Amino acid sequence: GAVVSQHPSRVICKSGTSVKIECRSLDFQATTMFWYRQFPKQSLMLMATSNEGSKATYEQGVEKDKFLINHASLTLSTLTVTSAHPEDSSFYICSANRPDRKTNYGYTFGSGTRLTVV
Amino acid sequence: QKEVEQNSGPLSVPEGAIASLNCTYSDRGSQSFFWYRQYSGKSPELIMFIYSNGDKEDGRFTAQLNKASQYVSLLIRDSQPSDSATYLCAVVGNQFYFGTGTSLTVIP
Chain R
1 GAVVSQHPSR VICKSGTSVK IECRSLDFQA TTMFWYRQFP KQSLMLMATS NEGSKATYEQ
61 GVEKDKFLIN HASLTLSTLT VTSAHPEDSS FYICSANRPD RKTNYGYTFG SGTRLTVV
Chain H
1 QKEVEQNSGP LSVPEGAIAS LNCTYSDRGS QSFFWYRQYS GKSPELIMFI YSNGDKEDGR
61 FTAQLNKASQ YVSLLIRDSQ PSDSATYLCA VVGNQFYFGT GTSLTVIP
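These protein sequence lines map, in sequence, to chains R and H.
Sequence positions in the first sequence follow my numbering and run 1 to 118.
Sequence positions in the second sequence follow my numbering and run 1 to 108.
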């Protein structure tokens, strides 16, 4: 089945620094990837849609200058949290859909990244 | 109004019992419905998806969809302690909309 790899799984950083999270589709090409954020005991909230070769589409309320998304190839999307602050501490999850699948069950989630900003 | 609503629980059932999880959604035009299981600190994993009204069975899991009433449910038969997790309902409209999840505990 489709595999999406996310790295790192955990990261602790100091306030004011930047953190990059990678999301790779291992056995398929993903023209679109999605980035979610999940706070404790809350649901997944879509932050942005990453499109290969073009600008990402951000959801309302998500700062595009703070959460930089790069989708430079068909297998890799990166999310960079710039100038991280403690309130950015959260569980970040990416997902991708196989473009050759017409049914939505092709969505696969990465393993997630636990970001802690101290 | 939230796109997808779930009872947050917690729901506790004894081992071997049937666990019933419910979800309602607001967009009547939604076509695709999913149930995910999420263990603490882990990413969601797909359990089932359903597109058509009625029941869909897969092993111990049965998804039920009623588009007229705008609800989708998940039944887990012969519940096992390993089923203890948070179950997320997801509905596809313009994007994936997730419910807040129902926490299930299966008591040995």
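Wrong hints could be hidden among the right ones.
Said to hold, decoys possible - Taking lysine-lysine pairs in the DSS-like style, the calculated list, with each CA pair at most 30 angstroms apart, reads:
{"no.": "1", "chain 1": "H", "residue 1": "Lys-42", "chain 2": "R", "residue 2": "Lys-41"}
{"no.": "2", "chain 1": "H", "residue 1": "Lys-42", "chain 2": "R", "residue 2": "Lys-66"}
{"no.": "3", "chain 1": "R", "residue 1": "Lys-20", "chain 2": "R", "residue 2": "Lys-55"}
{"no.": "4", "chain 1": "H", "residue 1": "Lys-42", "chain 2": "R", "residue 2": "Lys-55"}
Treat the hints as calculated values from the structure; they're not laboratory data.
These figures come from a predicted structure and were not determined experimentally.
Evaluation of the provided hints:
1. A hinted pair counts as satisfied when its Cα atoms are at most 30 angstroms apart, and Lys-42 (chain H) with Lys-41 (chain R) qualifies at roughly 13 angstroms.
2. About 25 angstroms separates the Cα atoms of Lys-42 (chain H) and Lys-66 (chain R), which keeps this hinted pair within 30 angstroms; it holds.
3. Among the hinted pairs, Lys-20 (chain R) with Lys-55 (chain R) is consistent with the structure: their alpha-carbon atoms are about 17 angstroms apart, no more than 30 angstroms.
4. Taken as a hint, the Lys-42 (chain H) and Lys-55 (chain R) pair is honoured in the structure, with Cα atoms around 29 angstroms apart against an allowance of 30 angstroms.
Going down the numbered hints, you'll see the structure goes against none, and every one checks out.
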